[in-house]
Amino acid sequence: MFKSVKNAMAGIFITLFLSSSALAAGQFDGVTLLVGTWGGLWKDNQVENIVSKFEAEGGKVEFVTGSPAANFAKIVAARGQAPFDVVEILAAQVKDYHELDVLHPLDLSLIPNTEFLSESRYNEWLVGSWETQEVICYHKDKFAEEGIPVPTTYRDLVHPKLAGRIQFPDINSGGGLTGLAGVTFAEGGDETNIEPGLNLVKEMNVLKFWARGGETMAQFESGDIIASVVHAGWCLRTKKLAGQNVTTVHPRINDELVGVASEGWFGVMKNSKNAEAAQWYINQFISADYQLKMAIKTGLVPVNQSVFEAMAEDPLVAEMIVLDPEKVANQLRVDYSKVIIPDWTDQWNRAIAQ
Amino acid sequence: MKFVTYRLQKAIGRFFFGLYCSISYIFLLSPMVVVIGTSLNGPTENVEASFTFPPDSFSLYWYTQIPEGQIDALLLSFVLATVASLCGCLLGVPAALGLVRSNVPGKALISAIFRAPLQIPAIVTGIAFLQLFYWIGDLTGFYWQGSIIGLALGHIFIATPYVVGTVTAILQRFDTRLEEAAVIHGASPRRAFFRVTLPVIMPGVYAGALYAFMVSFSDVPVAIFLSSPGFVTYPVEIFFALENDFEPSLMASATLVIIICLLLLLLVQKVIGLDALLKVGGSRGVG
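Those sequence lines, one after another, are chains U and X. For the first sequence, our numbering begins at 51 and goes up steadily by one. For the second sequence, our numbering begins at 3 and goes up steadily by one.
Mixed in with the good hints there might be a few duds.
Rough simulated footprint, nothing fancy, chain U against chain X, three-plus residues with beta-carbon under 8 Å [as the list claims (entries may be wrong)]:
(1) 7-19
(2) 78-90
(3) 225-236
(4) 242-254
I should point out that these hints are in silico values taken from the structure, not numbers from a laboratory. The beta-carbon is built from N, C-alpha and C at its ideal position, and this holds for glycine as well.
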């Protein structure tokens with residue numbers, strides 16, 4: 051009798067223990083997800099908002115920090131064996147990733163937040179992660195003091211009072227290709243003919259070709275520049291963090307297009323053993339909650355359009371970033387499948403860098 | 003009259019020499035002064051992250067904002083640079099001895115191979131090591147990329163030529179009669195090496211080790227390819243942080259590095275004497 055009670059107790063205990071373990075077990079127990087992304091604030095935001103959720107599911111996230119260019123170089127050097135499961139990809143790199151055939155096809159049912167993205171921002175290989183709006187960031191007070199008209203086009207930067215007081219992205223910087231594309235299209239060129247854009251850049255009398263957007267903040271503070279071609283996020287941070295009275299102009303490109311957009315994507319690597327977890331990560335990244343936090347903090351434009359309304363409540367964001375989906379759709383987007391990047395770089399080096 | 007002219011010429015000479023030295027010091031030290039000054043500028047009500055020099059207000063606020071990742075990376079860089087300079091010495095000193103004293107065929111070629119890491123762009127070295135580690139990994143199942151071993155091997159590769167170079171420079175001026183005298187007086191070749199040769203070439207070893215440390219500590223192109231989660235060196239951490247951040251905490255973190263490096267130099271001065279490093283061109287009484 052005593053023995054059977056003891057056995058029953060033991061059975062109940064084991065059942066309870068197993069069921070509690072099963073309850074505690076997360077979706078990603080034992081999974082270590084490797085994420086290829088930028089360092090600094092960009093990574094810290096993800097650690098703060100996404101990693102804790104992944105850890106709650108039993109997994110662990112490790113970051114392979116680096117620019118998309120550096121991460122792509124690692125894939126090439128590693129002959130396709132990517133040292134990460136999921137990676138950030140720039141629009142200009144999409145063609146290279148496809149040519150190298152290193153992407154894992156996505157199961158969009160695992161990324162339900164894609165329903166809040168415009169259809170052009172996801173497909174069976176990639177999901178959009180962010181956008182930037184490339185603008186002319188200018189110092190309101192200085193322009194008013196010196197009677198310089200507020201620019202509406204890139205050509206307006208060719209002004210005697212702006213000579214040697216403006217910044218433009220270097221071709222090798224994050225905003226380089228988009229910046230050059232912007233001036234090229236505005237001057238009547240296209241992906242295959244960038245000469246008009248190069249000529250305009252030469253006419254601008256640029257003080258400095260920036261390598262990192264953060265230089266904009268420092269140069270505005272020092273008073274060396276009073277205008278810069280940069281993405282709206284850096285202009286926003288220049289005002290918010292450095293207290294400079296700057297604002298943005300979304301340059302008119304032609305009769306149809308106003309402003310220039312640049313796109314970031316997420317892709318899962320073919321050799322990933324954690325494809326499901328990688329897609330979970332992407333879904334979190336494009337969630338309304340994360341996209342809103344990212345946008346307010348960095349000034350980048352969310353791909354999740356459900357947060358546009360909430361973003362507009364921030365007066366600075368509303369002032370500097372275009373949030374009307376119709377206007378966003380009306381911004382210049384470069385078709386990088388037509389761009390031969392080494393050719394662009396070569397022409398830039400010959401025309402500008404010299 | 004001649005005496006007065008001579009003294010005047012000397013005074014003018016001294017003045018211009020002093021001016022030249024002052025300009026050199028200002029040129030060398032001003033970036034550091036700006037970095038330190040900027041790091042001490044605290045946030046104000048309207049300006050959260052200002053790069054202002056001279057600082058408007060004195061604050062250590064940005065020192066409290068240094069990300070933990072940068073501190074970890076800094077520690078890793080120190081360990082890595084120490085390992086690279088020690089291993090560089092262990093490889094570089096025998097290599098220099100062999101190059102200077104042996105008559106092996108193809109000595110010039112071997113010497114060129116030892117110098118090769120200085121001539122290959124570091125970014126190429128990084129990619130080459132990454133490919134090599136993948137290749138070794140495919141063969142053996144042991145993947146060194148992204149490990150501390152992989153990082154250390156890459157840094158030893160780029161650091162060793164500096165030790166070879168400085169030790170070779172001293173050995174070429176070394177008077178071998180000193181060793182012969184020691185042997186004639188009964189010392190074994192081993193004892194002669196440790197008691198005579200090594201003390202004479204030590205300034206070269208110290209100088210090479212210091213160069214090796216600096217090259218490893220400041221390397222970005224090699225570490226960019228060989229680092230991995232958990233093993234990111236300080237320059238790489240800063241390099242990538244700069245792409246998205248531009249906060250004065252970077253200046254605070256850079257100031258810490260400057261202070262640590264100055265303390266290390268003081269330690270070197272105390273233990274070895276910096277003048278020893280200046281003897282690399284040839285020690286007195288030799289040759």
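Verification of the supplied hints:
Counting residues of the stretch 7-19 of chain X whose CB lies closer than 8 Å to any CB of chain U gives 0, so the stated coverage by that chain is violated, three being the minimum. Counting residues of the stretch 78-90 of chain X whose C-beta lies closer than 8 Å to any C-beta of chain U gives 0; at least three are required, and the coverage claim is violated. Residues of the stretch 225-236 of chain X with a Cβ under 8 Å from some Cβ of chain U number 6, which satisfies the need for three, so the listed coverage holds. With a threshold of 8 Å between beta carbons, the proposed coverage of the stretch 242-254 of chain X by chain U holds, since 8 of its residues qualify and at least three are required.
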